[in-house]
Amino acid sequence: MVTTTPAAPSTPRFLAREDLQILIDVLREDGRVVIGPTVADGAIVLDEIRRVDELPAGWGDVQGPGHYALVRRDDARLFDFTVGPTSWKRWTFPPTAPLTRVSGPIDDTVYQPWDPEIPRLAFLGVRACEIAALVVQDRVLLGGPFTDADYDARRAAALVVAVQCTAASSTCFCASMGTGPEVRSGHDLVLTELDDGFVVDGGSARGREILARLPTTAATGDQVADGITVVGAARLAMRVGVTTVGLPDRLLAQLDHPRWAQVAERCLTCTNCTSVCPTCFCTSVVQRSELVGTASGSVRTWDSCFNPGFAKVAGGSFRSRPRDRYRQWLTHKFSTWVDQFGTFGCVGCGRCITWCPVGIDVREELLAIAPPIAPRVTLPGPMPVAAGPAEFASATIASTRAETDDTATLVLTDMDGTLLETKPGQFVMLTLPAFPRLPISVSRVREDGIELTIRAVGPATKALTASKPGEIVGIRGPLGVGWPIERAIGRDVVVVTGGIGLAPLRPLIDAVLADRSKFGAFRLFYGARTRRDMVFRDELAGWASSPDVDVQLIVDRGGQDWLGRVGVVTQLFDQATWEGSKAVAFVCGPERMMQNTVRALADRGVQPDRTYVTLERHMECGIGLCGHCQMGRYFVCRDGPVFSLAQLGDIFGREGV
Amino acid sequence: MDTVSAPGTAPAPAPARPRVGVVKFASCDGCQLSILDLERELLEVAAHFDIVEFPEASSARSDGPYDVLFVEGSISTPEQAEQIADLRGRAKLLVTIGACATAGGIQALRNWADHDAWRAAVYARPEVVSSLATATPIADHVRVDAELRGCPIGIGQLRELLTALILGRRPEVRDEAVCAECKRRGAVCVMVATGTPCLGPVTQGGCGALCPRWGRGCYGCFGPREAANAQSLAGWFVGAGRDEPDVGRLFAGFTAWAEPFRTMVTELGGARGAEGTRGERE
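Just so you know, the protein sequences line up as chains H and B, in that order. Residue numbering for the first sequence follows numbering that gives the first Met the number 0, beginning at 0 and increasing consecutively. Residue numbering for the second sequence follows numbering that gives the first Met the number 0, beginning at 0 and increasing consecutively.
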């Protein structure tokens, strides 16, 4: 997953300034495109470098909040500046990357991963903070249960030639984040620029192999010492930093701080900060289709938690206010990222400060919102490296069944065998050609396939519910964490749900009934707008007439065809003569309904660590790589969608999280 | 959308193609020309849509009904106000195209001015010119189902809308600032690096950051994006030493009449020649 092998002890070499072209030539001889710094459009950007005179000789930079300027110096140094607007993620994690190609007619659709050609690259001039950023993205995109194959290939194909910083901008704060300015690891080669040339050292076997092909001499003691001195000067030049001790806890304790609203008055939610950030990884999937619609494909594109649609689901956005979005970004970078990935999401490069059009400085905001107090912080270790990515594969619609006026169940067969091992409460990402991918919970696992129950609320769900037997859908799964049914063995089982919320609970009901003797009393409370809006009506009737389960139903609006109770589902608890301390509760419904339900359950004695809810969030990937469904320290798709109340704590029901 | 083909089916067009009309009000016809700029796809468009009214392209005319009606231009005369109400009744889906139809256009600058004085200054016999005191977007007059922004509209967004209409899905028009497109294309921010005023942070994307990529500030032709914080951006420009009317003029372009740009023009000044505008000096 990482480009380098551990560094063996090596002796620093010295490369004369006039011989730097040979390094570029050697890299290009190996078939690598060399990417490095060059001056364009008033800034030092990264682009392809063929000749050493394309490097920014004699150029420096002055940076401040919302401000960047080139300055001309009277020397010929090539790397005496700090990071510019471009980050290396442009090549390891490109702004757009093709994902899936879909072709063929609806009854013979083929989903194929799009295998782009990965160029062999050499990054020339990578700074310590930027190596740290690559390692942060390694953890995010390669360190979890699912990995990003495109990133993996691009990262492995890039050689890292690092350069020690000899200057610091006013926006630099790598020293306080512990990521620089000294390059210590993660590189193949590292250069330290002196007046007449470079001290060069290998950081990996392939780096040392390249070093051996360069016309170097052994670096003298003075040259090595000079190199250490100039980097030390860069460290001392950094004046303003972030106090990281205890920061994750300090920050998360300030979710209600008035400063969030104040900074939102300045914040343009323009996404410049997340675009220039070398670690931000949030993406969306865009459908590309020809006008005729016979071939289509999906493309991953950089997105941002500052965009209004980022946390949107059918009913609205979970972060409608700019203050929510700024809070999401800052708390992720400096708090919940640590829980998720074992490092901060910030490496202190300062790009978000310089390139904010209105000069918002994260260091100032952190100081105002979460000033240093307690000297305590614990960083969890890296997450285990796990299996490869789940690609989209096809499944055939065997049959469909209407549940209500707007809801249908699709029976899918001819699919990858792992889908038949779907656990109750897990979900799949489902798509039709040229339509967006949607998270859909599995409503039954059969011997030969799975059932998905879908309510038509938008064009994509409408197309899915209208699909016909024989048609092909694209599917990725099973995904997420399901209901922990084993926790209910020997205890009473309480299921509370409404409307289509019964769908993800139906496999749980199946599992409990299949092993009925292992559980205590089994109660199902189900509400719907009207009788006609109840799903699985035949099965509900069957369960209700069975002694195995106590079924209680309620509707919002009664009618001629309804003789039962009218009201909200929690009203069913009033009648019930049961006691919750021995029960495990499983709840699914709109978030407001679940909040009311868990309160009512708590009143009956159900413990928070035995109360489980399943959450709905905007999802694009379903495997914890796109960032949309983040909720505090969790990705709902990967760490949920089923959570216990104890896990969620006070973020459950909080606005704008 | 019963008449469009199911997703992924073979390209054979259904016998009843959706009837499409393209009409215009006060505008320059540039957005209609953008439709014709589809060039290579025009035949496919014609295979999927029955284009029954499009004076810029064809002498065939139809009063409707239309399954989809594209409307260019803003409402500038009493007759136009009657016509748009009538057309709405003939269209299942009404799509406004371009800055004039969606925001009022450059002609909406007269909304800040003395209409009668301007008319008298321009026309030799102003009494024969029948015009409203304002130029206003279509949505001020009738319900609008979808809008394509821009001056002119972006051809990529137009293609996506047509594709979505054929497939029966929601068009994937991204709800983001020009900055997001600018950064994805790797352009250097003109505001930060050269101090050039740019409306990109508050403007709806869709143009591919055309102006900033050529070193110019965005002038907002796609109009304000959702929750555009124009106040903060204007405050930054003023803080950088610009006069308030100069800052107001940045917002007084093709989408000046759309909020919150409208408030910036009203509060800071900058509607050229307008009277009674605070801070106006010209």
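Take the hints with a grain of salt, since some may be wrong.
[What the hints assert, rightly or not] Okay, the calculated bits of chain H under chain B, using three or more residues with CB under 8 Å as the criterion:
#, segment
1, 37-49
2, 80-94
3, 254-266
4, 429-443
5, 448-460
[Unchecked claim] Every beta carbon over 10 Å from chain H, so not counted as near; a handful from chain B, in silico:
#, residue
6, His47
7, Val51
8, Asp139
9, Thr162
10, Thr193
11, Pro259
To be clear, the hints were calculated from the coordinates, so they are not data collected in a lab. If you're wondering where the values come from, they're calculated on a predicted model, not measured in any experiment. Glycine included, each C-beta is placed from N, C-alpha and C at the ideal position.
Hints versus structure:
Counting residues of the segment 37-49 of chain H whose beta carbon lies closer than 8 Å to any beta carbon of chain B gives 5, which reaches the threshold of three, so the coverage claim holds. Requiring three or more residues with a Cβ within less than 8 Å of a Cβ of chain B, the coverage given for the segment 80-94 of chain H holds, as 4 such residues are present. Taking a C-beta to C-beta cut-off of 8 Å, the segment 254-266 of chain H contributes 3 residues in contact with chain B, enough for the three needed, and the coverage statement holds. Proximity of the segment 429-443 of chain H to chain B, defined as three or more residues with a beta carbon under 8 Å from a beta carbon of that chain, is established by the 5 residues found.
A stretch counts as covered by a chain when three or more of its residues have a beta carbon under 8 Å from one of that chain; for the segment 448-460 of chain H and chain B the count is 3, and the coverage holds. Annotated as non-interface, histidine 47 of chain B brings its C-beta within 10 Å of a C-beta of chain H; the closest such distance is 7 Å. Taking the minimum C-beta to C-beta distance to chain H, about 19 Å, the non-interface status of valine 51 of chain B holds against the 10 Å cut. Every beta carbon of chain H lies more than 10 Å from that of aspartate 139 of chain B, the smallest distance being close to 23 Å; the non-interface claim holds.
With a minimum CB-CB distance of about 5 Å to chain H, threonine 162 of chain B fails to clear the 10 Å threshold, and the non-interface call is violated. Its closest Cβ contact with chain H, about 5 Å, brings threonine 193 of chain B to no more than 10 Å, contrary to its assignment away from the interface. Against the 10 Å criterion, proline 259 of chain B stays outside the reach of chain H, whose nearest CB is about 12 Å from its own CB.
When the structure is compared with the earlier hints, violations turn up for hints 6, 9 and 10 and for no others.
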